[in-house]
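**Q** Here's the letter readout for the chains.
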Amino acid sequence: MELTTLFYWIDHLGVAVFAISGTLLAFRKNMDGFGVIVLATVTAIGGGTTRDLILDMPVFWVYDPNYLYTVALAALITILWLRYKAYIHQKTLLLADAVGIGFFTVMGALKALEAGFSPLICIIMGTMTACFGGMLRDVLARDIPMVLKGELYATACLIGGTVFVFLAPYSQLLAILVGGITTVLLRLGALRWQWSLIVFHEHHDGHR
Amino acid sequence: MELTTLFYWIDHLGVAVFAISGTLLAFRKNMDGFGVIVLATVTAIGGGTTRDLILDMPVFWVYDPNYLYTVALAALITILWLRYKAYIHQKTLLLADAVGIGFFTVMGALKALEAGFSPLICIIMGTMTACFGGMLRDVLARDIPMVLKGELYATACLIGGTVFVFLAPYSQLLAILVGGITTVLLRLGALRWQWSLIVFHEHHDGHR
Amino acid sequence: MELTTLFYWIDHLGVAVFAISGTLLAFRKNMDGFGVIVLATVTAIGGGTTRDLILDMPVFWVYDPNYLYTVALAALITILWLRYKAYIHQKTLLLADAVGIGFFTVMGALKALEAGFSPLICIIMGTMTACFGGMLRDVLARDIPMVLKGELYATACLIGGTVFVFLAPYSQLLAILVGGITTVLLRLGALRWQWSLIVFHEHHDGHR
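Residue numbers (this note's numbering), protein chains in the order written: chain A, 16 to 223; chain B, 16 to 223; chain C, 16 to 223.
One thing to keep in mind: the hints can contain errors.
As the list makes no split between identical chains, a pair holds if one copy fits it or if it spans any two.
Lysine-lysine pairs mimicking DSBU-like chemistry, simulated, CA-CA at most 30 Å apart [stated by the list, open to error]:
#1 Lys164 <-> Lys106
#2 Lys100 <-> Lys164
#3 Lys44 <-> Lys106
#4 Lys44 <-> Lys100
#5 Lys44 <-> Lys164
Derived by calculation from the structure, the hints in this document are not laboratory data.
Same shape as in the complex, but just chain A (with noise of 0.2 Å):
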């Protein structure tokens, strides 16, 4: 198999876990079918489309309705799942947005990196790809963004995807698999351990 076709594969991964992450947080919302679907397809496809938009490059999805398919089966898949298991942990959720943004950060990065942007501009670029749709899913099921929470989110994307950049002039495949996995790894220790970074005092709450 060549790169590209694997790295297309890992994309619509990234897509359908981010389909998946959606779709469970309209389940825990009590939303209907209708809002599902919804709220799966902009968690999966938002993160992506405003990095195309900002890049000034052909929106993905646009070009290629395979990722659209891919969006409404992963959420398809999901609700039968849902329906005969009838409850989830919050950590499945969890675990889904962590496995999403590592795929993303990289894929994200990739993308800026081949169209010849500057490493600085691809790791932000990751890091918004990876980020966004989940925000915006975040805002519309009008939850606290997990990006804003205590717990490291972006700047786990930021150095997943300053490892991918550092690491793509030896081996795309590899900056991939290092990049992708230390945004996982990095996402997930910080929930087990609550990794966060305290910058202010805590005696301010009084002054608000």
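Based on the hints, put chains B and C in the right spot on chain A.
**A** Below, chains B and C without anything else, positioned relative to chain A:
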């Protein structure tokens, strides 16, 4: 009157109806004059702007300020009418919104069709044009987005857009009429008889 | 110093002021270090990014990473200052926001003017550059968007932008100074003396 002239007026009618719906929501939220114009504008041009950005076409109101005058005029008339009536039924807002998504679904799909995009993308673009303005309106006004609620909404647009795409090769005028009316009737029927698509079991509430 | 160099610095000043306002809101919302940088960045570059997308121009920070460094630096200094001070007045946040919309109104209008757009579009673009970053900030932080509240906000930008457009043919520097100061003073005056535009009767509250 030529068809393009007629379509131009239908497009303005859609913009006006969404400007009204934004103004009505601003009224229900007790906003003042300055917030009203922002909410009316975002609701009226948000969907078409998103469509034009994603299709990489010139944003419709940038090169034709008439759309902005339509927004201002529709908002102004609504404000004057509300000063006189001093209350609105929730139904009025839902009706304005339903008519708006009918207009915007077909006009959004038509614009994509004329630019040569595939039928699937035309349907998606119709739905996006119809749903995004109202979605931004609800997010800004901190309401639960109508598009995520239980009753048929985005799905009404998807069905109406599909009708449009099937009829368009025979007669654009017929396609616009039947596609638009299908969307409005599906949405109003869903509100009247509470058509909804239960995809999840009820008993998962305890596990959230 | 040439005018373009001066304008470049004024633009960076606007970005810095909005990065500060995003950081201050993150502080008031008790966010941690990772959320702060996201909120500061979105606030600082959200408005100009939206403007560039709609005008179909290259997004300003993609080809000039200095803007991102300005955001990081402004956020860092604000964090350090907040660690020392440990509280902020609500007024400080409102003041930073007011100065930010002043800068961004004129710089947004100037960019549209230099690209040859009509005066109306220049005014709208100035207002959009000024208002969208703060709007995204408030939506993400789940605050009521300032732009929708009672006091003069978007309207201050519209008026300041109009002043800029009228003076620009005579002297760009004068237009930027007077237009920017007009915006800031209108906004501060509105906050100080509660200038608001009551467009609806009071007694509709019971009918919501």
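**Q** Given a CA cutoff of 30 Å, do lysine 44 and lysine 106 count as a within-copy pair, a between-copy pair, both, or neither?
**A** Result: close both inside a copy and across copies, 15 Å intra and 25 Å inter.
**Q** Given a CA cutoff of 30 Å, do lysine 164 and lysine 106 count as a within-copy pair, a between-copy pair, both, or neither?
**A** both (16 Å within a copy, 25 Å between copies)
**Q** Could you figure out if lysine 100 and lysine 164 sit no more than 30 Å apart (CA to CA) within one copy, between two copies, both or neither?
**A** both (29 Å within a copy, 23 Å between copies)
**Q** What label fits lysine 44 with lysine 100 when the C-alpha limit is 30 Å: within, between, both, or neither?
**A** within (16 Å within a copy, 36 Å between copies)
**Q** Within a copy, between copies, both or neither: where do lysine 44 and lysine 164 come within 30 Å Cα-Cα?
**A** both (19 Å within a copy, 10 Å between copies)
In this structure, every one of the numbered hints holds.
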